[in-house]
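Peer 1: Residue-level listing of the chains:
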Amino acid sequence: MIAIEGLAKAFGPRGAVHAVDGVSFTAPDGQITGLLGPNGAGKTTLLRMLATLVLPDAGHASIDGLDVVRHRYAVRTRIGVLSDARGLYPRLTARENVRYYGVLHGLAGDALEARIDTLFAALGLVDHADRRTQGFSQGERMKVAIARALVHDPATVLLDEPTNGLDIMSVRALREQLRALRGAGKCLLFSSHVMQEVAALCDRIVILSRGRVVAHGTAAELQAQAGTASLEDAFVSLLGTGEGLAA
Amino acid sequence: MLSAGGLRRIGVITRKEIVDASRDRRTVIVSLLSAVVGGPVFLILMFNFMAGQAERARDVILPVIAQDRAPALIAFLEREQVKITPAPDDYEAQIRRGDLDVALVVDPRFDADVAQGKAGTVRLVYDRSRDRGRPAVDQVESLLRAYNRLWGAERLVLRGVTPGVANPLSVEPVDLATPQQSGSLLLFLVGFYALFAGLAGGMAPALDTAAGERERQSLEPLLMTPARPVELALGKWLAVGAYAGLVVLCTLLLFYLTLSFAPLPPVGVPFLFGARELGRFVVVLLPLVIAFPAILLYLAARGRTLKEAQANVSLVFLVVGFLPVFSLFLQWREPEWIAAVPVAGQYSLLRIALRGEALPALQVVMSYAAPIAIAVIALAAVTRLLSRESVLAGR
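Chains as they are written, first to last, in our numbering: chain A, 1 to 247; chain B, 1001 to 1395.
Hints are computed from structural coordinates only; laboratory data are not their basis. Where hints are given, some of them may not hold.
Calculated lysine to any residue pairs in the SDA-like style (CA-CA distance at most 25 Å, straight line) [to be verified]:
#, chain 1, residue 1, chain 2, residue 2
1, B, Lys1307, A, Lys186
2, B, Lys1307, B, Ala1380
3, A, Lys186, B, Leu1222
Only a predicted model underlies this, so the values are computations on that prediction, with no experimental measurement involved.
All chains should be built: construct the whole structure from the sequences, respecting the hints.
Peer 2: Spelled out as structure tokens, the structure:
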């Protein structure tokens, strides 16, 4: 479970840009929580704070009760992150890329190889396992990056705009993966600026705008809150603008 | 400090970087080519150059203007194996162009002056700016001086005076240079080459593992693993150091093999670059194999892209290339503390090794201090850089 309380982070000279400005919400296990907001809403900064890469200026965040600042290395063993930056090592094979992260997480030997086999089978990467990632397509790279993020079987999975640059088939494959993870009781936090993405997948939705949470709940709750007939109208109404919500 | 898990992760990182770099075919080929082929080719060229110089001094061809005016001098030169030819009309132009090394002009008044008991004049024409001709010029000049002494001594004897009267000072040169010292310029270049090979060997892996990691966006996910920044810095440094060391070793070994077994022209200097010298070279160059990769890693890590990093890294080459040139202009004897100065100290110690002498222990210890300190500082800086949030900033 992810618990966030009053989290804030500012950048720029004298902290002039409030990227994240007092965000609070919780993301329970066994559910996919969607983080929806236009570009520049603070989604990436928020996820980076949860991933222990960026230190918050104020507030707290914890994952399974472990504070992301005080227990950052313990947190890292429990989270799998598919970040916006998902570069692979082009001269290593898909398996070697994933294995590198596995051994860094303390896995080794047959158990690690079996884990990689399972992941590759689930992602449809078996034929590509021992090829260098040099010539991989966007979708294939994304799959390797997912396998890399999940190799240590983390209880919490953070995904930053995972569908960026993917074709329809890859997006569908990804959704299946995420639903399977939800079925396994994982806590998933999924950021996107595409409303349909979030609506199709998420159990709960957090709408972020200019670093603040403007609404929070299930799709039905958001529609009720905005008093609109469709989810799309609810988003536009809650954000005050349709900007950045293009499909 | 580093935990057991930390040490294990450092090993994992080092191994991954070594495998990754070894698959960079172009870089591997270029590094090995410069070490494996470049070194021997360079040695063979140097040897042929030196052999050519010796040959020029041995078989001097001397064009002479008006040789019939000084038949005794010409006969003396011919006895000394100088080949006398008539000078072409444009001998001055030919010397300027470098087609001729030297020419001798017998003055029109030579016989008349000699008959009157005055000094006869001959002119030695050469171009000082042409180093290639220097051995021939020196050879002719020393023969002319020898003839001058011989002639003068004969005259004194004719007058019943012992020649020692005109030569109160007898200079007997005693050259203390061992055969190794004579060849030390060549071997110094060997050291210089090996040192640069170490720098070049570490460059490509450093750029790839630091700036390449940022450029291809694989650093951010890596920083989200349990690997601490200090472990990443150390692991990558070990990998880059392994490559730098390997290239240095290859280069030295190939020099050794070339000098031992290649059919090099005899240059009159028995070169010794045996296993002992090889070992001393390794001892002297090791601190740089420790320091260079750390510096390269830091400069490369400062670049967000490979291109930026390359510009940073070229700075090291400038400094390393410049330091020995600086010591070349140093007029006085090198102070002993020079050993403590990185690069300059290594050059100084290499020269000691090349003279066939044992390395002075104190200076060796001194030569290790600064490079190790530099490596520690550079790696601390890399660690700090990797801990900063700004390292995530995109291109």
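Peer 1: Going straight from one Cα to the other, do Lys186 of chain A and Leu1222 of chain B come out at no more than 25 Å?
Peer 2: Between Lys186 of chain A and Leu1222 of chain B the Cα gap is close to 22 Å, so the pair holds against 25 Å.
Peer 1: Is Lys1307 of chain B within 25 Å of Ala1380 of chain B, Cα to Cα?
Peer 2: Since the Cα atoms of Lys1307 of chain B and Ala1380 of chain B sit roughly 23 Å apart, the hinted pair holds (cutoff 25 Å).
Peer 1: Lys1307 of chain B and Lys186 of chain A: Cα distance at most 25 Å?
Peer 2: Not satisfied, since the Cα-Cα distance of roughly 42 Å exceeds 25 Å.
In summary, the one numbered hint that this structure violates is 1.
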